[in-house]
Amino acid sequence: MKSEEIAKLAGVSRSTVSRVINNYPNVPPKTREKVERVIREYGYIPNNSARNLAGKPANAIGLFFVEFFSGEYDEMEENIIHSSPFYSEFLAHAIDQLKKRGYQLTVSIISRQDDFDMIETAYANKSISGCIMMGDIVPDVVLERLSRQGLPTILINQRSKIEFKNIYLINTENYAGAYGAVQLLIDNGHTRIAHITGAFEKASVRERFEGYRDCLGHNQISYNENYIYQTHIHRAESGYTAMEALLKKNKEAPFTAVFAANDLLAFGAIRCMQDKKIRVPQDISIIGYDNAELSGFIAPPLTTVSVSVKAVTKRAVTSLIAVIEKKEKVPSFAKEETFTLIERKSVRKLS
2 MKSEEIAKLA
12 GVSRSTVSRV
22 INNYPNVPPK
32 TREKVERVIR
42 EYGYIPNNSA
52 RNLAGKPANA
62 IGLFFVEFFS
72 GEYDEMEENI
82 IHSSPFYSEF
92 LAHAIDQLKK
102 RGYQLTVSII
112 SRQDDFDMIE
122 TAYANKSISG
132 CIMMGDIVPD
142 VVLERLSRQG
152 LPTILINQRS
162 KIEFKNIYLI
172 NTENYAGAYG
182 AVQLLIDNGH
192 TRIAHITGAF
202 EKASVRERFE
212 GYRDCLGHNQ
222 ISYNENYIYQ
232 THIHRAESGY
242 TAMEALLKKN
252 KEAPFTAVFA
262 ANDLLAFGAI
272 RCMQDKKIRV
282 PQDISIIGYD
292 NAELSGFIAP
302 PLTTVSVSVK
312 AVTKRAVTSL
322 IAVIEKKEKV
332 PSFAKEETFT
342 LIERKSVRKL
352 S
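Going by the working numbering, the sequence shown wraps up at 352, each residue one higher than the last.
Think of the hints as simulated: they come from the structure by calculation, not from any bench. Just so you know, not all the hints are guaranteed correct.
Unchecked claim - Label pairs and their in silico Cβ distance ranges:
# : residue 1 : residue 2 : range
1 : R214      : Q114      : 21 to 27 angstroms
2 : K249      : A177      : 29 to 35 angstroms
3 : T122      : E344      : 45 to 51 angstroms
4 : Q150      : K101      : 35 to 41 angstroms
5 : I234      : T339      : 49 to 55 angstroms
6 : K101      : K252      : 35 to 41 angstroms
7 : T122      : I279      : 48 to 54 angstroms
As the list claims (entries may be wrong) - List of simulated lysine to aspartate or glutamate pairs, DMTMM-like, C-alpha gap at most 20 angstroms:
#  : residue 1 : residue 2
8  : K162      : E238
9  : K250      : E238
10 : K203      : E145
Here the structure is a predicted model, which is why all the values come from computation and not from measurement. Note that CB positions come from ideal geometry on N, CA and C, so glycine has one too.
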């Protein structure tokens with residue numbers, strides 16, 4: 002049964018049915034009672050919110066964390082929100098920012114490509130007005146479908162350019178931050194610097210690698226492929242595995258410092274070195290990226306690059322709502338350029 006039929010049986014307009022379901026106050030008590038009686042009698046359950054019944058989109062934004070996983074979702078020990086300080090902080094700020102603007106937040110994790118269908122369904126049903134996506138690379142075929150459907154979408158740290166209508170990019174500063182981190186190591190006398198990185202398809206990962214590589218070149222330090230370890234999972238256990246592999250590969254020409262593409266990888270690398278009785282920073286110095294909450298409390302406290310997650314979140318939310326409400330034109334690409342190099346005790350100056 003549809004809302005139009007409920008309206009006809011109750012002898013009211015469809016918009017009145019919508020106001021009753023949404024518990025609006027501007028409905029006379031007798032009219033409300035009549036509509037509710039018909040709803041109870043016919044067991045009517047609305048498919049969408051009253052906003053949808055009224056033909057209007059919901060004041061709700063979808064936040065989708067993309068983490069492709071080949072096994073069963075229940076087998077994952079930790080999902081992307083739990084494991085990444087950046088994503089969990091973004092989620093907290095997004096809830097706060099949207100609440101101030103009168104919007105709700107719907108959160109979900111995309112673990113398979115088929116899961117993108119639910120985003121299209123949610124928009125078609127008008128249960129979301131726009132979405133923010135971050136994490137693993139969203140395939141072009143998905144973006145093309147969302148673009149064609151007209152769904153306003155913000156991608157965070159996904160790509161360096163975009164060519165789909167209704168799709169917008171917001172990135173953090175990655176190149177300059179990485180360059181500054183490696184320059185700090187060089188200024189402390191390090192010339193043999195390893196790098197633990199990720200998949201270059203992702204803009205943030207590629208830009209941090211380019212900052213590392215270019216800083217070496219500008220300081221007349223040769224780039225050594227043996228000092229690079231590439232992982233597709235940016236978690237602490239991957240940092241541990243990466244450090245094990247780098248140490249094994251470079252026994253003849255050991256490095257004195259490591260730049261890790263994020264703090265989680267750095268945490269794993271430090272644990273690996275501790276297990277192998279390698280002292281940090283006396284034997285090997287290390288720098289991370291993102292300034293995770295624990296980075297100042299591990300032993301030794303981690304030198305890292307800090308970006309303002311709050312500023313990135315505010316820009317994403319403000320831009321998306323501007324598009325949804327058609328208040329102003331939003332650029333297809335924007336970057337939050339500020340970053341801070343936080344020096345702690347994980348870097349040693351070589352004599």
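Hint by hint, here is what the structure shows:
| no. | hint | result |
| --- | --- | --- |
| 1 | R214 x Q114: 21 to 27 angstroms | violated, 32 angstroms |
| 2 | K249 x A177: 29 to 35 angstroms | holds, 32 angstroms |
| 3 | T122 x E344: 45 to 51 angstroms | holds, 48 angstroms |
| 4 | Q150 x K101: 35 to 41 angstroms | violated, 28 angstroms |
| 5 | I234 x T339: 49 to 55 angstroms | violated, 28 angstroms |
| 6 | K101 x K252: 35 to 41 angstroms | violated, 55 angstroms |
| 7 | T122 x I279: 48 to 54 angstroms | holds, 51 angstroms |
| 8 | K162 x E238 | violated, 31 angstroms |
| 9 | K250 x E238 | holds, 18 angstroms |
| 10 | K203 x E145 | holds, 18 angstroms |
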